[in-house]
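A.B. asks: Letter by letter, the chains look like this.
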Amino acid sequence: MEDLKLHGFWFSPFTMRVVWTLKLKGIAYENIEEDWVNKSPELLEYNPVYKKAPVLVHYGKPICESMIIVEYIDEIWPHYSLVPRDPYERAQARFWVNYADQMVPALFAALYFKCGAGEEKENPTEKIWEHLKVIEDQCLGDKRKFFGGDTINIVDIAFGSLFKVLYTIEDVNEVKVIETEKFPLLHSWFNNFKNVTVIKENFPDREKMSATIKSIIEKALASS
Amino acid sequence: MEDLKLHGFWYSPFTMRVVWTLKLKGLAYENIEEDRYNKSPQLLEYNPVHKKTPVLVHGGKPICESMIIVQYIDELWPQNPLVPHDPYDRAQARFWVAYSEQLFSAVVPLIYVDIADDEEKEKVIEKVQKLLKDIEDQCVLLDDEKKFFGGDNINIVDIAFGSMIKFLVTMEDLNKLKVLEVEKFPRLHSWFDNFKNVSIIKENLPNREKMCAIMKYIRERKRELQSSN
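So the protein sequences, as listed, match chains F and G. Residue numbers for the first sequence follow my numbering, so the first one is 23 and each next one is one higher. Residue numbers for the second sequence follow my numbering, so the first one is 227 and each next one is one higher.
Hints should not be assumed to be uniformly reliable.
To be verified - In silico DSS-like links for lysine-lysine, alpha-carbon gap of 27 angstroms or less:
| # | chain 1 | residue 1 | chain 2 | residue 2 |
| --- | --- | --- | --- | --- |
| 1 | F | K74 | G | K353 |
| 2 | F | K83 | G | K359 |
| 3 | G | K392 | G | K422 |
| 4 | G | K359 | G | K448 |
| 5 | G | K410 | G | K353 |
| 6 | G | K404 | G | K442 |
| 7 | F | K83 | G | K372 |
| 8 | G | K265 | F | K149 |
| 9 | F | K149 | G | K278 |
| 10 | F | K27 | F | K45 |
| 11 | G | K249 | F | K61 |
| 12 | F | K73 | G | K410 |
| 13 | F | K61 | G | K448 |
| 14 | F | K149 | G | K410 |
| 15 | G | K359 | G | K410 |
| 16 | F | K155 | F | K167 |
| 17 | F | K83 | G | K356 |
| 18 | G | K392 | G | K356 |
| 19 | G | K404 | G | K359 |
| 20 | G | K404 | G | K347 |
| 21 | G | K277 | F | K155 |
| 22 | G | K448 | F | K149 |
| 23 | G | K347 | G | K436 |
| 24 | G | K448 | G | K277 |
| 25 | G | K410 | G | K347 |
| 26 | F | K74 | G | K442 |
| 27 | F | K74 | G | K359 |
| 28 | G | K277 | F | K204 |
| 29 | F | K73 | G | K353 |
| 30 | F | K73 | G | K349 |
| 31 | F | K73 | G | K356 |
| 32 | G | K287 | F | K155 |
| 33 | G | K349 | F | K155 |
| 34 | F | K167 | G | K428 |
| 35 | G | K372 | F | K155 |
| 36 | G | K359 | G | K372 |
FYI, nobody ran anything at the bench for these hints, they're computed from the structure.
Go ahead and model the full structure; you've got the sequences and the hints to work with.
C.D. replies: Okay, here's the thing in structure tokens:
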């Protein structure tokens with residue numbers, strides 16, 4: 023067995039991306055659940071720049087940043103490949119993975135908004151919808167079941183993890199974000215994605231996730 | 227000849243990254259200088275999501291985002307390789323390439339900062355220097371034994387940081403201040419000297435006065451726009 027350890031938070035979309043990748047490829051690893059308010063000395067040593075999870079440690083060598091970890095895993099274990107083989111397709115996929123990460127501030131704003139820290143003039147859900155519209159119109163387009171075509175790829179992984187957070191936003195804000203009428207293609211895609219066997223088996227419980235994230239945010243706001 | 231077109235701004239650090247990559251690999255391409263205040267319909271069609279440069283168009287197909295373009299070029303034309311061969315080294319390089327984007331975000335406010343406002347100025351400089359310190363102290367790729375982040379030859383990290391430090395130097399010229407202080411950042415300082423002296427980089431490093439002038443112009447245009455609103 024490979025010497026593989028994953029430091030992460032079960033409720034974090036970034037950790038989920040790595041878990042899904044490892045599970046899709048059937049790679050065994052040791053899961054090290056980190057404590058949000060009390061990060062392990064190992065984590066801080068492995069990721070001194072950001073002090074964040076996930077960190078994958080392969081034979082003692084750390085790799086940081088979720089989608090960099092995903093590509094690393096895909097390069098070393100190419101079966102069930104997630105990174106497109108064709109250079110042009112690969113560049114397109116990386117573009118959309120970048121886009122997914124550019125959406126993150128809007129997701130955080132929405133999470134903090136309802137919990138009481140919001141000072142935004144505009145409803146943060148609006149900002150998220152703007153992003154979803156771009157993906158619905160510009161990215162999904164003629165794709166089949168998944169962004170990767172018939173099988174999932176890095177774009178599905180990147181967006182899938184963030185869509186999981188949208189559920190939390192819906193629960194925390196008591197608002198519907200992934201509206202079927204507004205985003206029919208995305209709605210359909212996310213249903214397909216959630217039903218991929220490995221994803222389904224590694225999909226954190228919605229209520230638990232929303233409760234955990236809500237609690238973290240409330241504590242953070244209380245102490246600031 | 228390959229059907230390669232590059233839509234960019236000569237003064238943009240992002241465009242520079244692609245130009246350097248193409249030149250390092252000896253690739254011929256058509257340069258299409260865009261006007262930031264009047265972007266071409268082609269650019270807007272090629273990058274409908276962000277409407278930004280650079281965009282590389284290969285055989286009519288657009289690729290966007292500077293470091294994605296750089297990796298694309300490296301994959302198709304492997305001579306003078308820029309992406310590390312080993313997967314672990316590649317992951318480390320990508321980590322620092324991603325970090326360079328934060329440097330950009332921190333430096334950009336220097337275009338518009340009111341240098342008469344000491345407090346504001348100090349805040350911006352502090353933020354940039356914190357990032358530079360992280361690179362100076364934490365980036366294991368930057369060590370005294372090696373000329374470049376890539377070792378003996380430049381790689382994607384050198385390209386990513388090189389463009390940002392060039393941008394920072396322009397901000398220093400524009401505002402007559404020093405941010406990349408040699409006493410505080412000896413390794414980075416030394417590395418940038420090495421980087422600027424790589425022949426291809428030297429030949430394709432926009433003139434300092436011209437860079438300063440264009441940034442001044444961009445600043446003035448923005449101020450005009452703000453005061454008319």
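A.B. asks: Determine for every hint whether it applies to the structure shown.
C.D. replies: Verification of the supplied hints:
Proposed proximity of F/K74 and G/K353 is supported: the alpha carbons are some 20 angstroms apart, at most 27 angstroms. Between F/K83 and G/K359, the direct Cα distance comes to roughly 23 angstroms. Compliance with the 27 angstroms bound is thereby established for this hinted pair. The straight-line distance between the Cα atoms of G/K392 and G/K422 is roughly 9 angstroms, inside the 27 angstroms bound, and the hint therefore holds. Annotation: proposed proximity of G/K359 to G/K448 is violated, straight-line Cα distance about 31 angstroms (limit 27 angstroms).
Distance restraint check for G/K410 and G/K353: the Cα-Cα separation of roughly 14 angstroms lies within the 27 angstroms cut-off, and the hinted pair is therefore satisfied. Restraint check for G/K404 and G/K442: the C-alpha separation of about 17 angstroms stays at or below 27 angstroms, so the hint holds. At most 27 angstroms may separate the alpha-carbon atoms for a hinted pair to count; F/K83 and G/K372 meet this at roughly 21 angstroms. The suggested pairing of G/K265 with F/K149 holds, with an alpha-carbon distance near 25 angstroms, which does not exceed 27 angstroms.
For the proposed pair F/K149 and G/K278, the alpha carbon gap of about 20 angstroms is at most 27 angstroms, so the pair holds. A C-alpha spacing of about 13 angstroms is found between F/K27 and F/K45, which places the hinted pair at or below 27 angstroms, so the restraint holds. For the hint linking G/K249 to F/K61, the alpha-carbon distance of about 45 angstroms lies beyond 27 angstroms, and the restraint is violated. Among the hinted pairs, F/K73 with G/K410 is consistent with the structure: their alpha-carbon atoms are about 23 angstroms apart, no more than 27 angstroms.
The hinted pair formed by F/K61 and G/K448 fails the criterion: a straight-line CA distance of about 44 angstroms is larger than 27 angstroms. In summary, the hint linking F/K149 to G/K410 is not supported, as the alpha carbons are separated by about 40 angstroms, beyond the 27 angstroms threshold. The hinted pair formed by G/K359 and G/K410 meets the criterion: a straight-line CA distance of about 8 angstroms does not exceed 27 angstroms. Note on F/K155 and F/K167: the hinted pairing holds, with a Cα-Cα distance of about 18 angstroms set against a maximum of 27 angstroms.
For a cut-off of 27 angstroms, the pair hint linking F/K83 to G/K356 stands: about 25 angstroms separates their Cα positions. Only pairs whose Cα atoms come within 27 angstroms are accepted, and G/K392 paired with G/K356 is accepted, the gap being roughly 18 angstroms. Using a Cα cut-off of 27 angstroms, the hinted pair G/K404 and G/K359 holds, with the two alpha carbons roughly 15 angstroms apart. The hinted pair formed by G/K404 and G/K347 meets the criterion: a straight-line CA distance of about 12 angstroms does not exceed 27 angstroms.
For the suggested pair G/K277 and F/K155, the alpha carbons sit about 16 angstroms apart, so the restraint of at most 27 angstroms is met. Restraint check: the Cα-Cα separation between G/K448 and F/K149 comes to about 25 angstroms, which is no more than 27 angstroms; the hinted pair holds. Annotation: proposed proximity of G/K347 to G/K436 holds, straight-line Cα distance about 23 angstroms (limit 27 angstroms). Under the criterion of a C-alpha separation no larger than 27 angstroms, the hint pairing G/K448 with G/K277 is consistent with the structure, at around 18 angstroms.
Pair hint G/K410 plus G/K347 holds up; C-alpha atoms about 18 angstroms apart against a cutoff of 27 angstroms. At most 27 angstroms may separate the alpha-carbon atoms for a hinted pair to count; F/K74 and G/K442 exceed this at roughly 38 angstroms. A C-alpha spacing of about 19 angstroms is found between F/K74 and G/K359, which places the hinted pair at or below 27 angstroms, so the restraint holds. At most 27 angstroms may separate the alpha-carbon atoms for a hinted pair to count; G/K277 and F/K204 meet this at roughly 24 angstroms.
Under the criterion of a C-alpha separation no larger than 27 angstroms, the hint pairing F/K73 with G/K353 is consistent with the structure, at around 18 angstroms. Of the pairs offered as hints, the one joining F/K73 and G/K349 holds, with about 23 angstroms between alpha carbons and a cut-off of 27 angstroms not exceeded. Of the supplied pair hints, the one linking F/K73 and G/K356 holds, its CA atoms being roughly 15 angstroms apart against a limit of 27 angstroms. Distance check on the hinted pair: G/K287 and F/K155 sit about 23 angstroms apart at the alpha-carbon level, within 27 angstroms; holds.
Taking the CA atoms of G/K349 and F/K155, the gap is near 36 angstroms; set against the 27 angstroms cutoff, the hint is violated. Taking the CA atoms of F/K167 and G/K428, the gap is about 48 angstroms. The hint is violated against a cut of 27 angstroms. At roughly 47 angstroms between alpha-carbon atoms, G/K372 and F/K155 are farther apart than 27 angstroms, so this suggested pair is violated. Note on G/K359 and G/K372: the hinted pairing holds, with a Cα-Cα distance of about 18 angstroms set against a maximum of 27 angstroms.
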